[in-house]
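Asker: Put the two chains together into one complex, using the hints given.
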Amino acid sequence: MIFSAERLLMVDVSAGYGALDIIRSIALRMERGRITTIAGPNGAGKSTVMKTLAGSLRPRQGRVIVGNRDVTSLSPPERARAGLGYVPQERNVFKNLTIDDNLRIGFEFVRPKATPRDFIVARCRVLELFPDLTPRMKETAGTLSGGQRQMLAMACALMPGPQILLLDEPSAGLSPPYVRRMLDAVQAVNQAGATVVMVEQNLVEAMRVSNDAVLLVAGRVEGVWSARSFLSDRNVRSLFLGDTNPDVSMRREGASRDGASAA
Amino acid sequence: MAQALLNGVISGLLIALPAIALSLGYGVLNFANFSIGAMITCGAYLAYWINTSLGAPMLLAAPFAAIGLAAIAIAIQHGVYRKIEDGGHVTMLVASMGVAFVLENAVRLVYGADVRMLDVPVARPISWNGLRLNHEQLLIVVTASLALGAVNLLLKCTQIGRAMRAIADDPELAEVRGISRRRTIDATWAVSGSLTAMAGMLIALDGVVEPLMGWNYLVSIFAAAVLGGIGKPLGAFAGALIIGLAEETSALLVSTTYRQGISFVALILVLLLRPQGLFGKARIRG
Numbered sequence: 021m022i023f024s025a026e027r028l029l030m031v032d033v034s035a036g037y038g039a040l041d042i043i044r045s046i047a048l049r050m051e052r053g054r055i056t057t058i059a060g061p062n063g064a065g066k067s068t069v070m071k072t073l074a075g076s077l078r079p080r081q082g083r084v085i086v087g088n089r090d091v092t093s094l095s096p097p098e099r100a101r102a103g104l105g106y107v108p109q110e111r112n113v114f115k116n117l118t119i120d121d122n123l124r125i126g127f128e129f130v131r132p133k134a135t136p137r138d139f140i141v142a143r144c145r146v147l148e149l150f151p152d153l154t155p156r157m158k159e160t161a162g163t164l165s166g167g168q169r170q171m172l173a174m175a176c177a178l179m180p181g182p183q184i185l186l187l188d189e190p191s192a193g194l195s196p197p198y199v200r201r202m203l204d205a206v207q208a209v210n211q212a213g214a215t216v217v218m219v220e221q222n223l224v225e226a227m228r229v230s231n232d233a234v235l236l237v238a239g240r241v242e243g244v245w246s247a248r249s250f251l252s253d254r255n256v257r258s259l260f261l262g263d264t265n266p267d268v269s270m271r272r273e274g275a276s277r278d279g280a281s282a283a
Numbered sequence: 002m003a004q005a006l007l008n009g010v011i012s013g014l015l016i017a018l019p020a021i022a023l024s025l026g027y028g029v030l031n032f033a034n035f036s037i038g039a040m041i042t043c044g045a046y047l048a049y050w051i052n053t054s055l056g057a058p059m060l061l062a063a064p065f066a067a068i069g070l071a072a073i074a075i076a077i078q079h080g081v082y083r084k085i086e087d088g089g090h091v092t093m094l095v096a097s098m099g100v101a102f103v104l105e106n107a108v109r110l111v112y113g114a115d116v117r118m119l120d121v122p123v124a125r126p127i128s129w130n131g132l133r134l135n136h137e138q139l140l141i142v143v144t145a146s147l148a149l150g151a152v153n154l155l156l157k158c159t160q161i162g163r164a165m166r167a168i169a170d171d172p173e174l175a176e177v178r179g180i181s182r183r184r185t186i187d188a189t190w191a192v193s194g195s196l197t198a199m200a201g202m203l204i205a206l207d208g209v210v211e212p213l214m215g216w217n218y219l220v221s222i223f224a225a226a227v228l229g230g231i232g233k234p235l236g237a238f239a240g241a242l243i244i245g246l247a248e249e250t251s252a253l254l255v256s257t258t259y260r261q262g263i264s265f266v267a268l269i270l271v272l273l274l275r276p277q278g279l280f281g282k283a284r285i286r287g
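Chains as they are written, first to last, in the working numbering: chain A, 21 to 283; chain B, 2 to 287.
Simulated from the structure, these hints should not be mistaken for laboratory data.
Straight-line distance between alpha carbons at most 25 Å, and here's what the computed SDA-like set of lysine to any residue pairs gives: (1) K158/A <-> C158/B; (2) K115/A <-> I161/B; (3) K157/B <-> T160/A; (4) K158/A <-> D171/B; (5) K158/A <-> G150/B; (6) K157/B <-> C144/A; (7) K157/B <-> I140/A; (8) K158/A <-> A239/B; (9) K115/A <-> N153/B; (10) K157/B <-> V141/A; (11) K84/B <-> G38/A; (12) K84/B <-> E98/A; (13) K158/A <-> L279/B; (14) K133/A <-> D187/B; (15) K133/A <-> I161/B; (16) K158/A <-> T159/B; (17) K115/A <-> F32/B; (18) K158/A <-> G162/B; (19) K115/A <-> A188/B; (20) K157/B <-> A142/A.
The shape of chain B in the complex, shown without the other chains (with noise of 0.2 Å):
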């Protein structure tokens, strides 16, 4: 039991960081992005090739996925999101499932769709009365926990977080207090394609890299960001907790096939019971 308390935890940590990137951009962008899962598989896919095909270190390949997953993030805002933004928030979501094809469809073109692992030592797990934990997962634990805080820290303290957190709350006003929508937007795709990056790379040190290793997770997502109340990012990370306790504990009862389907049933519940989400009070609106 304890283990998979232990084991919920790390995997509601690895869930949290693009549980947040979903809800922030919910927030800013006021769309679903379900290209989530794909952009997952980018970041991983970019850390294996610059691992195995630069030979850097995961050390240095985890920034630069980061800033090369933030950059795709952009791109793909500019030469897709922007065009067709005063079709409505379903035309958006439709256009991010697209562009989730378009993604995992390239790194296939490239890699193929052979599973394949990143270059990294195998060490004995940590032993503690009992608990397992490999490095992996203390990695996992370390980094998402790093990112979280640094997240909170960007969106409460920061004059770019206070401009997300202005448009997300009333975007007409926001523009009329003198912020730029466009740069916030873009701010908010780098926020974004750097969690999901981190994600993807410790997904995949964690186990495999694969065309669908995003999409597994896509389900888990979106039921931590809905728990959470969509568009509040805070509440997505104690959604994604619970998530991840939900999967973990559920192996305990039933067999581990059954994981998405907790999620599933996590969020259909909380949709029929609590809408606005888990966590206290509906947003004030109109």
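This is chain A alone, in the form it adopts within the complex (with noise of 0.2 Å):
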């Protein structure tokens, strides 16, 4: 065990942009130690959840709390210090700056008191989990293909050694085999110790690593599953594939509209 996690509660947290809420009352509690994957339809706040979760949204109503700690009031900056380790979905890598460079600035801003020890350790520990990037050090990251930007990123955040890793669709644009290597990771970093929170569209695979399943629509938790039972209850596969709708199952166009806006 590596990582030590804790637990991330969401209370009744309202965030958006402008006047606009684009999430609205959300309660989440995501045990420590597990995986928990938030799915939900394009525009449903996915992202926005994971914006309020790392700070670099301020909810306009509600709390965030990690562990026993409020963070409601912290700086992204701060919450990284606080043990949050978050990967946007994009622009997640500092294109400019070399691969050593990026895990280094990973690392000592966030764990400001450590030794160049500690560091190396740490970058041990990473690359062990990425060793595609090992003969990579000295070159540039924009030079990556997705799939090694993303593994980058995903290093980057957990050099710090971070209690709860946010990811926001780790496996966005990867080709199938990296779909799997990337969601392997996770699960590896998960079993070193750290509680993990994602956002993925690739629900099949998301699945096979996940413990609970979030459902997000229109910016409201649609309901909590375990992600065993996820993708086979009926709501969940009427939503994401328009088959049945229970609600309205005998009217043909009601159905058909709810397929085209999950889609």
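Answerer: Here is the structure:
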């Protein structure tokens, strides 16, 4: 066990941009040591939830709690130091800096009191998870392929040893073998002891490694499932596949409209 | 010709100091600081004040002037730029013009528009194979080289240097990675202030102290920074050398009155032909 996990709570959180709330009264409990996947159609507010957790978006109302500590008023740098590691969906590496510099920056500002030895140990540990990066340490991060870039982004977030890892679509834009490897890496990080919260579109792969699934629709939590039962749930299937609509199963036009909005 | 090349390198080293400051500021703060000329003037007057009014030798006046201007630059950041940072880079650029007028006229208020000289002993120039190099020029070469080496080291090998490069690359991600934007910006102003103060002193040593001394260099500084690819401090150093050489060697062909014109021509050519700067690749964005 390398990381120490913490639970993550969202209490009645509403947040958005300008006057508009994208997510409304979200209450979520992400248990320590587990992988929670947040699923939902486009525009449901998944990334907004992640940004609110990471601190780049201040909630208009509600609280975010790590372990027993209220972190709502903390800025993104302070939240990183409070043990939240965040991998944004896009622009998640410093493209004009080397891979080595990226890893170093991922570590040194979150763990200001660490010794050079701590850094070497952390880097070894992270590179074990992502051996592809090792031969390219002196290269600029912008030269990496999409999959390698995503791995570097996660490696940087892992460098300081966060208690909670927030991943915004770790497999977005990756080829199927990379999707698998990426989610295997997520599982390995979790087994090393970190609580993981991620947003994923690739639900079949995500459920393979997750413990819990949260369904977000139009800024609200529709429900929480165990990962095993999530994809076989009728409500979930209707939302993502549009095959049946349990509430209005006889009205075909209603069903097809719902199907379209979920696509 | 050899003399012109030598002069070009010296003048390039001189321009390199503020050009690097400009480029660094552009990268971290995301706006072009038009007050860089006035900051040069301010640095020179600070040194003049310590040197003549307080009677300290230049060797002592130099570090104090550098620290003084660094402090002034940080104070301006807190008093002006921070208040309008949400207004976008054009607002900040216009504000920096205002800062330039205030700095310049503050100097005028105290010292008037008279031309002044630093109190330094006069010495015979060094001659070598027909090349002439006076002591002030030698001092420019040594001081500027040391300062540039120090900045390079700071950017590449220190934590605050990495923070500056990270913010220049992606400010939002830098925050997520735990970097304090405000502290890094203050540090950037401290470096810019020290570099421009040094340039001011070196210009004053080789010439005179007067309220417009910084303005005369503004075009050359911008040309050098753009030439090197603005936002890339080490590119600005190469850009400054090229501008210095172009200005001095052109004096062999056209009157020295056209020096600034040469910088302008270089600037326009680069913007037309290679807007990402002379040195290699465009930055990877998006």
